[in-house]
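2 protein chains.
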Amino acid sequence: MTSELIRVNEIFGPTIQGEGALIGQPTVFVRTGGCDYRCTWCDTLHAVDSAYRDEWCPMTPEAILMQIEILSGGRPLMVSLSGGNPAIQPLGDLIDLGRGEGYRFALETQGSLAKDWFSRLDVLTLSPKPPSSGMATDWQKLAECVEAAGPDTQTVLKVVVFDEADYAYARDVAERYPGLSCYLQPGNHTPPQAETSDSSIDMTGILERMRWLVDRVTKDQWYAATVLPQLHTMLWGNLRGV
Amino acid sequence: MTSELIRVNEIFGPTIQGEGALIGQPTVFVRTGGCDYRCTWCDTLHAVDSAYRDEWCPMTPEAILMQIEILSGGRPLMVSLSGGNPAIQPLGDLIDLGRGEGYRFALETQGSLAKDWFSRLDVLTLSPKPPSSGMATDWQKLAECVEAAGPDTQTVLKVVVFDEADYAYARDVAERYPGLSCYLQPGNHTPPQAETSDSSIDMTGILERMRWLVDRVTKDQWYAATVLPQLHTMLWGNLRGV
Ligand code: SF4
Ligand code: SF4
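Chains as they are written, first to last, in the UniProt record's numbering: chain B, 1 to 242; chain A, 1 to 242.
Bear in mind the hints are in silico, worked out from the structure with no lab data behind them.
Cβ atoms here follow ideal geometry from the backbone N, Cα and C, with glycine treated the same way.
Any given hint could be a false lead.
Said to hold, decoys possible - Label-pair ranges, simulated between beta-carbon atoms:
#	chain 1	residue 1	chain 2	residue 2	range
1	B	Asp49	A	Trp212	33 to 39 Å
2	A	Pro178	B	Trp41	40 to 46 Å
3	A	Pro178	B	Asp220	37 to 43 Å
4	A	Met66	B	Trp41	43 to 49 Å
5	B	Ala165	A	Ser119	43 to 49 Å
6	A	Gly134	B	Gly237	33 to 39 Å
7	B	Glu175	A	Ala136	48 to 54 Å
8	B	Arg75	A	Trp139	23 to 29 Å
9	B	Ser50	A	Glu208	36 to 42 Å
10	A	Gly74	B	Met203	35 to 41 Å
11	B	Cys57	A	Asp220	28 to 34 Å
12	B	Ile70	A	Lys141	39 to 45 Å
13	A	Trp212	B	Trp212	29 to 35 Å
As the list claims (entries may be wrong) - Derived list of chain A stretches under chain B, where covered just means 3 residues or more per stretch with a C-beta under 8 Å from a C-beta of chain B:
#	segment
14	8–20
15	217–227
Extracted from the complex, chain B is given alone in its bound form:
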């Protein structure tokens, strides 16, 4: 089998998924390099900015799966594909290979690129970016992503919320897709500097914005929403590789 190479920023775990629909579940992360967005508050610049391109390793699906198997001790679990924007990478063969060994796959993307292999994912998290990111949403592309995932993939929405404008955006996104679960996540004002391994976080601020968001949602009687913090940030700060 000749596969295209995948640009990998880091592979680590097992640890728990710290966000969204799979929160608390053991997983191995495969973070790919490269992103078509430049969010103001991006917390994974090392997987976005091409200045770090030298750190991204082109790997075959076979090599990636071997690394996953070493980390998991050969025992299948959920693999989380993240980035950057992992939808840029040719991940279809990796998913097929891994599924053949019993692994399951979840992917998170902003929804700017639809791929036919989305339908072979177990979970697709679409996290369109709110106004505070400085990015504009291409609604047509987002719709194509939902469409590409199809009925066999569990598709969910996740929106990061820093302020009222972001909250209004989240409501709009959820209203467009009443059939999809929507996860709200308070924004983290203290993303790490890419060149440091600083693990300090603004815990007080995170908890405050989380309480505000819970209050906002319940006052609005938006009972279909789920509000969850970034658990891994609370547990490990902004350290990479945990």
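Guided by the hints, dock chain A with the ligands onto chain B, whose structure is given.
Frame of chain B, contents of chain A with the ligands only:
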């Protein structure tokens, strides 16, 4: 309709569910009074110890549902029945009434008493108590609870883990029910004194035990487990009514 009265300790919300399978989801809590257990680390003594019995209000299902509707603004959501041990109370009529209005019901109990109305719940969380609680598990009763819930109720396991003995117990429980999702929750060493509204918590200790538990589970390759902290304790400390 003549219903038996339900002993209610408190009704509050909407807030988010802070634990287990429904973490992050908006809910109204109905906490009933009375428990057949006396766990060493019980964090709801005010709903357990009969010294607080005077604070428990005997209510009809109709009165409870009215209170839920006021809190939720009449918009159906998930109602969380907790205690104490809510299985002691005659909750069947409340569930039927509420479901008729579109409300859904989740209940958490240690699994010492099975009721036929478990089958009318949307979610049943069985949280058998580990060795550190000082309580002994009646495995026959636990099995009866699973049986009573039947196929239409989503039944999950939740085990609080303070130490290695608790962890071994959690593994045993999960092995008995391979078909049920198992949620592990690090124990909180700082339960509130029932007579105070002290909200101080040992955040450092909670995070430390959470990291230990994640490490324990992943080292063991126990990938079917889900590890989640008590989010509400992290957000609001041990304050009651939030
Ligand atoms: S889409 Fe994600 S990875 Fe890309 S810049 Fe925005 S936050 Fe960073
Ligand atoms: S079963 Fe629950 S409510 Fe009863 S004593 Fe134990 S911790 Fe407290």
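Of all the hints given earlier, name the ones this structure violates by number, lowest first.
none
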